[in-house]
Every structure is written in C-alpha cells, then in structure tokens.
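Visitor: So you can see what is in the structure, the chains are spelled out below.
Protein chains: 2
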Amino acid sequence: MRKIDIFDTTLRDGEQSAGINLNTQEKLEIARQLEKYGVSIIEAGFPASSPGDFEAVKQIAGTVKNSIVTGLARSVKSDIETSWEALKGGVQPHLHTFIATSPIHMQYKLNKTPEQVIEIAVESVKLARKYFPLVQWSAEDATRSDRDFLVRIMNEVIKAGATTINIPDTVGYASPIEYGSLFRYLSENVRGIEKVKLSAHCHDDLGLATANTLAAIENGATQIEGTINGIGERAGNVALEEIAVALHIRCDYYQSESGIVLKETKRTSQLVSKLTGVVIQPNKAIVGKNAFAHESGIHQDGMLKNPETYEIITPDLIGDVATELVLGKHSGRHAFFDRAKQMGFQLSDEKLNAAFVAFKKLADRKKEITEEDLFVLLTDQQVQTSEAEVYELESVQVQYGTSNIPTATVQAKTPSGEVEVVSSTGAGSVEAIFNTLEKLVNGKVHIIDYRVSSVSKGRDALGEAVINLSFNDVISTGRNASQDVLEASAKAYLNAINRQIVKAHYQEQREAVAQ
Amino acid sequence: MRKIDIFDTTLRDGEQSAGINLNTQEKLEIARQLEKYGVSIIEAGFPASSPGDFEAVKQIAGTVKNSIVTGLARSVKSDIETSWEALKGGVQPHLHTFIATSPIHMQYKLNKTPEQVIEIAVESVKLARKYFPLVQWSAEDATRSDRDFLVRIMNEVIKAGATTINIPDTVGYASPIEYGSLFRYLSENVRGIEKVKLSAHCHDDLGLATANTLAAIENGATQIEGTINGIGERAGNVALEEIAVALHIRCDYYQSESGIVLKETKRTSQLVSKLTGVVIQPNKAIVGKNAFAHESGIHQDGMLKNPETYEIITPDLIGDVATELVLGKHSGRHAFFDRAKQMGFQLSDEKLNAAFVAFKKLADRKKEITEEDLFVLLTDQQVQTSEAEVYELESVQVQYGTSNIPTATVQAKTPSGEVEVVSSTGAGSVEAIFNTLEKLVNGKVHIIDYRVSSVSKGRDALGEAVINLSFNDVISTGRNASQDVLEASAKAYLNAINRQIVKAHYQEQREAVAQ
Numbered sequence: 001m002r003k004i005d006i007f008d009t010t011l012r013d014g015e016q017s018a019g020i021n022l023n024t025q026e027k028l029e030i031a032r033q034l035e036k037y038g039v040s041i042i043e044a045g046f047p048a049s050s051p052g053d054f055e056a057v058k059q060i061a062g063t064v065k066n067s068i069v070t071g072l073a074r075s076v077k078s079d080i081e082t083s084w085e086a087l088k089g090g091v092q093p094h095l096h097t098f099i100a101t102s103p104i105h106m107q108y109k110l111n112k113t114p115e116q117v118i119e120i121a122v123e124s125v126k127l128a129r130k131y132f133p134l135v136q137w138s139a140e141d142a143t144r145s146d147r148d149f150l151v152r153i154m155n156e157v158i159k160a161g162a163t164t165i166n167i168p169d170t171v172g173y174a175s176p177i178e179y180g181s182l183f184r185y186l187s188e189n190v191r192g193i194e195k196v197k198l199s200a201h202c203h204d205d206l207g208l209a210t211a212n213t214l215a216a217i218e219n220g221a222t223q224i225e226g227t228i229n230g231i232g233e234r235a236g237n238v239a240l241e242e243i244a245v246a247l248h249i250r251c252d253y254y255q256s257e258s259g260i261v262l263k264e265t266k267r268t269s270q271l272v273s274k275l276t277g278v279v280i281q282p283n284k285a286i287v288g289k290n291a292f293a294h295e296s297g298i299h300q301d302g303m304l305k306n307p308e309t310y311e312i313i314t315p316d317l318i319g320d321v322a323t324e325l326v327l328g329k330h331s332g333r334h335a336f337f338d339r340a341k342q343m344g345f346q347l348s349d350e351k352l353n354a355a356f357v358a359f360k361k362l363a364d365r366k367k368e369i370t371e372e373d374l375f376v377l378l379t380d381q382q383v384q385t386s387e388a389e390v391y392e393l394e395s396v397q398v399q400y401g402t403s404n405i406p407t408a409t410v411q412a413k414t415p416s417g418e419v420e421v422v423s424s425t426g427a428g429s430v431e432a433i434f435n436t437l438e439k440l441v442n443g444k445v446h447i448i449d450y451r452v453s454s455v456s457k458g459r460d461a462l463g464e465a466v467i468n469l470s471f472n473d474v475i476s477t478g479r480n481a482s483q484d485v486l487e488a489s490a491k492a493y494l495n496a497i498n499r500q501i502v503k504a505h506y507q508e509q510r511e512a513v514a515q
Numbered sequence: 001m002r003k004i005d006i007f008d009t010t011l012r013d014g015e016q017s018a019g020i021n022l023n024t025q026e027k028l029e030i031a032r033q034l035e036k037y038g039v040s041i042i043e044a045g046f047p048a049s050s051p052g053d054f055e056a057v058k059q060i061a062g063t064v065k066n067s068i069v070t071g072l073a074r075s076v077k078s079d080i081e082t083s084w085e086a087l088k089g090g091v092q093p094h095l096h097t098f099i100a101t102s103p104i105h106m107q108y109k110l111n112k113t114p115e116q117v118i119e120i121a122v123e124s125v126k127l128a129r130k131y132f133p134l135v136q137w138s139a140e141d142a143t144r145s146d147r148d149f150l151v152r153i154m155n156e157v158i159k160a161g162a163t164t165i166n167i168p169d170t171v172g173y174a175s176p177i178e179y180g181s182l183f184r185y186l187s188e189n190v191r192g193i194e195k196v197k198l199s200a201h202c203h204d205d206l207g208l209a210t211a212n213t214l215a216a217i218e219n220g221a222t223q224i225e226g227t228i229n230g231i232g233e234r235a236g237n238v239a240l241e242e243i244a245v246a247l248h249i250r251c252d253y254y255q256s257e258s259g260i261v262l263k264e265t266k267r268t269s270q271l272v273s274k275l276t277g278v279v280i281q282p283n284k285a286i287v288g289k290n291a292f293a294h295e296s297g298i299h300q301d302g303m304l305k306n307p308e309t310y311e312i313i314t315p316d317l318i319g320d321v322a323t324e325l326v327l328g329k330h331s332g333r334h335a336f337f338d339r340a341k342q343m344g345f346q347l348s349d350e351k352l353n354a355a356f357v358a359f360k361k362l363a364d365r366k367k368e369i370t371e372e373d374l375f376v377l378l379t380d381q382q383v384q385t386s387e388a389e390v391y392e393l394e395s396v397q398v399q400y401g402t403s404n405i406p407t408a409t410v411q412a413k414t415p416s417g418e419v420e421v422v423s424s425t426g427a428g429s430v431e432a433i434f435n436t437l438e439k440l441v442n443g444k445v446h447i448i449d450y451r452v453s454s455v456s457k458g459r460d461a462l463g464e465a466v467i468n469l470s471f472n473d474v475i476s477t478g479r480n481a482s483q484d485v486l487e488a489s490a491k492a493y494l495n496a497i498n499r500q501i502v503k504a505h506y507q508e509q510r511e512a513v514a515q
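Protein chains in written order, with UniProt numbering: chain E, 1 to 515; chain U, 1 to 515.
Because the hints were derived from the structure by calculation, they are not lab data. Honestly, I wouldn't trust all of these hints.
Any copy will do: because identical chains look the same in the list, a pair fits if it lies in one copy or spans two.
Calculated cross-link-like contacts (lysine-lysine; reagent style DSS-like; alpha-carbon spacing at most 30 Å) [to be verified]: (1) Lys457 with Lys289; (2) Lys266 with Lys126; (3) Lys36 with Lys88; (4) Lys130 with Lys341; (5) Lys439 with Lys361; (6) Lys130 with Lys503; (7) Lys305 with Lys36; (8) Lys65 with Lys341; (9) Lys266 with Lys439; (10) Lys159 with Lys197; (11) Lys439 with Lys367; (12) Lys112 with Lys351; (13) Lys503 with Lys195; (14) Lys305 with Lys341; (15) Lys439 with Lys457; (16) Lys341 with Lys197; (17) Lys266 with Lys289; (18) Lys305 with Lys65; (19) Lys197 with Lys305; (20) Lys457 with Lys112; (21) Lys195 with Lys351.
Just so we're clear, the structure is a prediction, and the values are computed from it rather than from any experiment.
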C-alpha cells in the first residue's frame with residue numbers, strides 16, 4: 001500500500017471563504033481535532049495576511065505535535081520572514097509558498113514574463129530554505145498553465161530546494177483524465193521529481209474535486225490537499241473525508257492508505273460545521289445527515305435481508321454512533337467531568353466548572369441531555385476567549401402577537417461595564433430583538449443572513465442561531481446555541497458584534513507594541 | 001456535438017429520500033419547471049407504490065408536453081399495468097422497469113437464480129412493450145454485477161423490445177475509470193446496443209457521481225439520469241446542474257450538449273430546495289450561495305484585473321442575477337400581475353388574487369419586496385391545495401422572557417370548522433408554541449428536526465421554517481415562510497399535520513371509489 005499524505009487547509013483555504021471568521025481559540029480547537037483525525041500536515045493560515053492569522057498560526061505551531069504545521073506565503077521576502085516567526089516553534093517547520101504559472105495569471109495578475117516568474121520562484125524557495133527544513137512550492141492555476149513551462153519551472157524550484165511540489169486546479173476546471181495525465185506527464189518529465197513529494201489540490205466548481213484528487217493519486221501524487229466538509233473559496237476544496245473513505249472502501253482499487261483515523265470523521269466534520277457556521281447538506285457524501293438513510297421500501301427490504309445490498313459504508317466506520325441519552329438533571333459534577341473526558345475534551349478546571357454550571361442550567365429545563373448537547377456546551381466553553389471586554393446579554397423578553405406590534409426588551413452589560421436596558425419594536429419578534437440590539441450597540445447594522453436549527457431531536461432541543469451581519473460596514477458571523485430560539489438569536493447577534501470588538505482590541509494592542 | 005438526453009428523477013429517486021413528502025401540486029410545479037429547464041425525460045414517480053404517487057404521475061403525464069414523462073415499475077405485471085393507467089395520457093408514454101443483476105441482490109433480495117432473473121426481465125419488457133412505445137430497462141446494482149452476465153441479459157431485453165438500457169451504480173461504489181470501462185465493454189459487446197439509448201445513473205456515496213456520469217458520457221452513454229441539487233437516497237444522485245454546466249463549460253473536451261436551458265438553473269434549484277425542504281450547502285458546486293463568491297484578497301485582486309483569472313462560470317450563465325428591489329407598498333394589482341407573469345408563473349385568476357392579498361399584507365410590514373420574496377409568495381399560492389379541510393392558524397401570541405415561563409396562545413380553525421383557542425407553556429418560545437399546537441391537534445407529536453432561515457437579506461426578511469415531525473407515529477415535513485419566525489414555526493407545524501390529513505382524506509376517497 002502506498003502512503004498518501006493528507007494536507008488539511010481548512011484553516012487557510014477553508015477559512016478564507018465567504019462568511020467565515022474563526023477566532024484563535026476556535027482555530028486551535030479545529031487544529032487539535034485535525035491532529036486527532038490523523039492529518040499529516042495542517043495549513044494553519046496565511047501569517048502575513050493579518051495579525052490575527054499570525055497569532056493563530058503561531059499558537060497552533062506551538063501546540064500541535066503529531067501533524068506538521070505550515071503557513072502560506074507569497075513569493076515575497078517579508079511574507080516568508082513573517083511566516084518563519086509564526087512557524088519556527090513547530091516540531092518540523094514547513095512553509096508553503098506559491099506563484100501563478102498560467103499565461104492569464106502571469107500577464108494580468110502578476111504582470112511578469114515567464115522568465116521573471118521562474119526567477120522569483122527560485123529566489124523565494126532559496127530564501128525559504130534558509131529558514132525552513134520543509135518547503136512546499138505551488139504552481140497557482142497549474143491546470144491552465146503550459147505543461148512544458150511547468151516542467152521548466154519545477155526543474156528549477158526543485159534544484160533550489162523545494163521538498164514538495166503542488167499542482168493545484170485553482171479554478172476547478174480540469175477533468176479527471178486531464179488532471180491525471182498532467183500528474184503522469186510531470187512525474188515522467190520533471191528532473192528530481194522522485195526526490196520530492198508531489199501534491200494535488202482540487203476545487204469543486206464543476207463537482208469534480210473528489211474524482212480529480214483520486215485521479216492524481218492514480219497517477220503519482222503522494223500528497224493531497226483539501227478541507228473538512230469541502231469548505232473553501234467558491235464551491236470549495238475537495239472534502240478530505242470523501243478521499244479518506246474512498247481510499248479505505250476502495251483500497252482494492254487505489255492500493256493506498258491515508259493514515260486518517262476514520263472514527264474521528266463525524267466529530268471533525270461536526271466541529272468544523274459548528275465553528276464555521278457552514279451547514280452540511282443532508283445528501284452530502286459521508287457526513288450528510290442522510291448519507292446512511294435508506295428510505296424507499298425496496299431499499300429497506302434489501303437492507304433487512306442483507307445490509308450489503310445497499311450499504312457500502314457503515315455509520316460506525318466514520319464514528320457516527322447513535323446518540324444516547326447520557327446525562328440528566330441529577331447527574332453530578334463527577335459524572336459530567338468523566339463524560340467530558342470520555343468525549344475527548346481537555347478543558348482547564350476553570351472551563352470545566354463553567355461548563356458544569358451551563359449544564360445544570362440546561363438540565364433544569366431540558367429532560368434529556370444528549371451527547372450532541374454536551375458537544376455544543378463543551379465546545380462553546382473550549383473556544384471562549386476573554387481577550388477583551390464585550391457585550392453580555394443578561395436577559396431578553398419579547399411580546400409577540402400576530403395582530404399586535406412585536407416588542408422586545410433587552411438588558412445587557414456593555415464593554416464599559418454598565419448595565420443597560422433598551423427596548424424597541426419590529427415587524428416580527430426577531431426583528432424587534434435586532435432593532436433593540438442595534439440601539440444597544442450604537443452603530444449601523446445590516447443583517448446579511450440568519451438561520452436557526454435544532455441541534456438534536458425533540459421539541460426541547462437546543463436551537464443554534466447563526467447570524468451574518470455587517471456592523472459599521474465590517475462583516476462578521478456570530479453564533480450561539482441556547483434552549484430558546486429568541487435567546488439564541490440575540491446572543492448570536494451580540495457574538496458577531498463581540499468578534500469585531502475583540503479583533504479591534506487585538507489590533508490596537510499590536511499597534512501599541514509596534515510603536 | 002453529441003446530444004446527451006437528460007433524464008430527471010427528482011420526483012422519484014429524489015422524492016424517496018428521507019424527510020421529503022411532496023403533494024401533487026408541488027410535484028406538478030416541479031415538473032413544469034423541469035420542462036422549462038429542458039430535461040428530455042421526467043421520471044414522475046413510482047405509480048404502483050401509493051395512490052398519491054399514481055395520481056401525481058397521471059397529472060404530470062397529462063400536463064407536461066415538451067418532456068417525455070415516465071414512471072418506475074418493478075418486473076411485476078400489476079406494477080406495469082398500473083403504470084400504464086397512470087402514464088397513458090402522456091405525449092410519448094415511457095416506462096422504466098428494472099431488476100437487480102448483482103450476485104448479492106439476486107441471492108439475498110430476490111432469492112432467484114441468474115436464469116430466472118433473465119426470464120423475469122424478458123417477460124416484463126415484453127409485457128411493457130404491449131402498452132408502451134418506449135421502455136427503459138435498468139440492471140439494478142449493475143456495477144457490482146458480472147460483466148458477462150450483464151451482456152447476456154441485455155442481449156435478451158433488447159431482443160424483447162427495450163428502447164433504453166440503464167446501467168446504474170446503485171450503491172455509489174464505482175470509480176470513474178471502472179464505470180467508463182463498463183460502458184465501453186457493454187457498448188462493444190451487447191448485440192443491438194447501437195439501436196437503443198445507453199444510460200448512466202450514479203449515486204454520490206463516495207463523492208464520485210459527477211465524475212462517473214461524465215466518464216459514462218466519454219464511453220458511450222447517450223442518456224444520463226440524476227436529480228436537481230443531487231437529492232436522493234443516502235448521499236443522493238448525481239446533481240444534473242453539475243453535468244449540464246460541465247458539458248457546457250468543457251464542451252471543448254466532452255464534445256456533447258445536453259439541451260438544458262442553463263438560465264433556468266438557479267430557479268429550478270431554488271424551487272426544488274424550497275418544496276422539498278432540503279437545504280443546499282453554500283459550497284455546493286454551481287447552485288451553492290457561495291459558488292461564485294471570491295473572498296481572499298489575492299483572488300479579489302485577480303478578479304479586478306481580469307475576471308477570468310479566477311472565474312470559469314459566471315452567475316449570469318445559470319440565471320443567478322442580483323435580486324433587485326421589485327415592488328413596494330404602493331405597487332398595484334397590475335404591476336404585481338405583470339411581475340408574476342415576467343417571472344414565469346402561470347396562476348389562475350383566483351390564485352393570483354390570493355397572492356396579491358398576501359403581497360399587500362407583506363408590503364405593509366416589509367419595506368422592500370424582493371424577487372426572492374415574490375418567488376416564495378407565488379410558489380406558495382401555486383402549490384396550495386384545498387383537497388380537504390385542514391387546520392388554519394388564525395393568530396399566535398407569545399410571551400417570552402429569559403427569566404419567566406414562556407407562554408403561547410393560539411387561535412385556529414380545526415378541520416371540523418370550529419375556532420379553538422388554546423394555550424400552553426414551554427421551556428422556550430418555540431417549545432411553548434409546539435406544546436400549544438399539540439393540544440390543538442390532539443395526538444402524539446414528536447419533533448425530529450426544526451430549522452428557520454432567512455429568505456433574503458435584511459432584518460425584515462421572510463423567515464422560512466421547516467419542521468420534520470411524527471404525528472401519531474407517521475412522519476411528515478411541513479414548511480412555511482412568514483415575516484415572523486414564531487408565526488412561520490407555528491404554520492410549518494400545522495402544515496406538516498395538514499399534509500397527513502390531506503393524505504388520509506385522499507386515501508379514504510380512493511378506498512370508497514374502489515368499493
């Protein structure tokens with residue numbers, strides 16, 4: 001069996017997609033889960049792009065031990081040096097640098113000749129190798145590049161010291177046969193290609209990311225890049241869980257193994273969906289809610305006679321085990337702590353205590369506390385930050401009637417520590433809350449997207465609200481899970497605002513240090 | 001350019017997936033849109049499976065003129081004859097019959113020898129051809145069947161009169177190279193294959209449905225089957241919109257055309273998502289909300305210099321045009337009717353008037369009425385049925401406060417025509433409503449799934465609620481779009497209950513006729 005390295009870019013190519021804004025704690029939590037999931041490399045961010053990215057990459061490089069941690073850098077001296085500062089604390093510092101190689105990108109975006117592009121690529125790889133033992137070089141828009149130009153530039157960057165060469169299908173344009181044949185051609189024509197890792201990176205614009213990635217593996221790729229749930233720019237990157245399961249289920253055909261811990265699939269997928277706020281459609285392969293649901297009579301009849309008639313993947317394989325009733329109103333601190341540990345959470349005593357308080361409050365109102373509820377509760381504690389003073393909702397009340405004017409009242413603590421009570425009306429209950437909160441936060445708020453969904457089954461299930469809004473023209477996404485839809489909506493709104501406050505606070509601190 | 005026929009099975013393989021229950025009006029509306037979208041064949045249902053399916057297939061066959069309408073039948077005399085009754089009114093009656101051909105299905109599910117299976121297949125195709133000019137025969141689980149057995153049985157069913165042969169990858173197991181090579185093998189070895197249509201039917205369990213379908217086209221398929229948004233059993237069928245766009249964008253490579261009206265893509269996708277309640281994830285290829293969103297600084301810079309640097313598909317191509325403010329409070333009846341016509345709706349005068357009343361009510365509360373709002377409003381009118389007396393919500397009021405006990409009061413008309421007022425409490429606002437409604441409907445209700453999302457942008461956007469529940473152990477899904485989240489939740493709950501009442505009423509009527 002060949003070993004295929006899995007390179008996860010959920011925190012870089014995934015995080016840069018529309019509507020996603022993860023804070024450092026959330027990124028760390030995802031990185032820890034990716035390490036458990038068994039990915040070879042974690043691309044933790046683009047350190048030179050913002051102080052927040054820099055800090056997250058630095059913390060992840062300092063925390064993760066069993067996966068290599070990398071960051072993205074343009075072919076620019078300052079990007080590479082900033083990345084070194086962020087990544088040098090890692091076990092095996094790794095840099096990912098790139099330049100575009102397609103005629104359209106070189107001409108319009110870079111405004112450089114092919115010769116100049118080769119020169120820049122070589123210089124940046126040489127510089128990167130002064131710092132990093134591992135350097136990956138990517139030919140952006142490779143699938144629309146001239147093959148022989150790719151051979152030339154790769155010959156040079158390998159000579160300059162690149163340890164991995166990546167061939168992205170940046171715009172999701174290739175067919176599986178074309179993409180496979182490009183890997184075959186490069187494998188046969190680039191000097192020294194056998195000494196480096198050869199990597200595939202696919203986008204799903206035409207729905208072909210999974211097939212293209214597998215075609216690359218069939219034709220010489222030894223590393224593949226993608227994201228959890230296939231999030232990313234536009235239609236997203238290839239979904240890593242699809243590749244991992246395909247290599248497992250069809251190992252007869254691909255003769256390759258990924259090293260992925262398949263039992264962690266569902267957990268990893270749920271965590272990324274929860275923290276990014278990106279929903280997974282029910283018919284999504286592997287991790288969709290219906291991926292294992294057999295509905296038609298004919299299928300159900302077959303499944304009863306022999307499950308293999310219609311089931312090639314079992315829920316058990318990916319760790320999708322039935323949610324059991326785990327704890328209730330009378331469960332004590334010890335049982336709660338035990339369960340958290342069993343679920344793989346490593347929280348500080350302080351956070352565990354805070355989670356226990358939240359649990360008791362929930363248990364007073366909700367009959368059965370499921371594993372899903374605990375997951376939400378514990379994750380929320382884990383990713384909580386107290387980097388700055390923010391808005392805190394103390395209470396919300398709403399009067400709603402179809403033929404009345406909906407009215408909301410909110411009591412909240414402001415960042416300056418005062419407790420304010422505000423109220424307002426709206427055309428609906430949630431609009432009344434949003435109008436009230438806009439008074440509180442004292443800025444121009446525009447709601448871009450809003451949704452609420454139940455976390456588990458039952459009428460008393462937790463409701464998770466996700467709100468994408470702009471606050472004084474800056475866009476952010478907030479989320480909250482509470483037992484009430486209206487409370488969750490109010491808290492998600494403030495969460496979106498608070499993220500901007502924390503970010504601004506952080507930016508100010510950094511500028512103060514720089515002076 | 002080769003012509004590839006598009007066979008849509010949204011209403012059969014799609015509708016049989018978990019949590020979907022479309023009524024006849026909704027199915028008709030989807031069929032009409034599929035006809036506009038330019039699909040060659042619409043599989044409207046499985047007539048022998050239920051009276052509801054029979055009726056829907058019959059009405060669709062009598063309505064649709066520009067697409068062939070078909071229905072599914074097992075290899076059973078009664079299935080085929082029932083299907084004829086449902087389909088005979090169509091312009092070109094077409095039947096789709098099937099039997100399993102893989103060793104595991106023949107042994108465990110059918111408990112038949114391969115020889116018996118051939119015999120049954122031949123008999124059913126012969127019987128079907130007595131009625132139908134067009135008969136498609138499918139080898140269920142073809143990709144796990146013996147190739148030479150497939151050749152043998154296909155030789156026989158073609159001799160028996162089948163006009164299309166379909167090779168489904170029922171469990172989503174094949175790789176693109178395997179699936180393509182199976183098509184090549186059958187094309188070269190089955191007698192008379194050149195006289196019939198050869199069809200592909202792929203499932204997405206490993207994320208390969210799109211690639212497998214395109215591989216079939218590259219290797220001789222002249223028809224491909226799939227669903228809108230890729231809905232269907234488990235991980236679903238291939239998404240037809242991905243195939244149509246891939247054939248268009250890569251016509252240089254595939255040299256094929258589908259006849260699909262690409263500008264109707266977004267509308268078709270939205271309609272199916274709305275009526276089935278199946279969400280589309282933002283990173284879904286072609287029809288996801290972010291499919292054309294460019295977020296990273298590097299991409300945005302490139303797009304400004306030349307859009308082709310990062311964009312291979314334009315939103316315009318698939319009819320995803322920016323929503324403009326179309327109507328407001330002061331718009332009159334004439335402007336409203338005009339707009340409805342422009343949007344392609346063909347409503348009766350009565351339904352147009354009802355839609356106008358709903359529009360005026362909405363315009364009183366909501367500043368800007370967008371095309372998305374109109375789409376929701378008009379579709380809701382179009383698919384409304386008055387087949388039976390049902391519950392009608394007259395008003396709902398809710399008292400909610402974080403530290404109080406949430407209380408809801410509902411006034412509604414029951415199926416017997418009485419107006420009832422009920423109230424109840426709950427741990428949250430929505431739970432209070434659900435508890436109140438459970439008193440009203442007087443049965444055991446369990447909530448399986450619940451979600452609300454905003455239809456368009458802005459704090460006063462319509463909220464669309466979807467509820468999947470069981471009522472006295474029967475499962476159904478209800479939906480409603482209203483300006484208030486609580487109202488939408490209450491109406492969606494009653495909509496789910498009402499669907500069961502309509503269905504039961506229909507069943508009773510049918511039984512009365514049969515006696």
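Visitor: Are any of the numbered hints broken by this structure? If so, which, sorted upward?
Guide: Per hint list: 2, 4, 6, 7, 9, 12, 13, 14, 16, 18, 19, 20, 21 violated.
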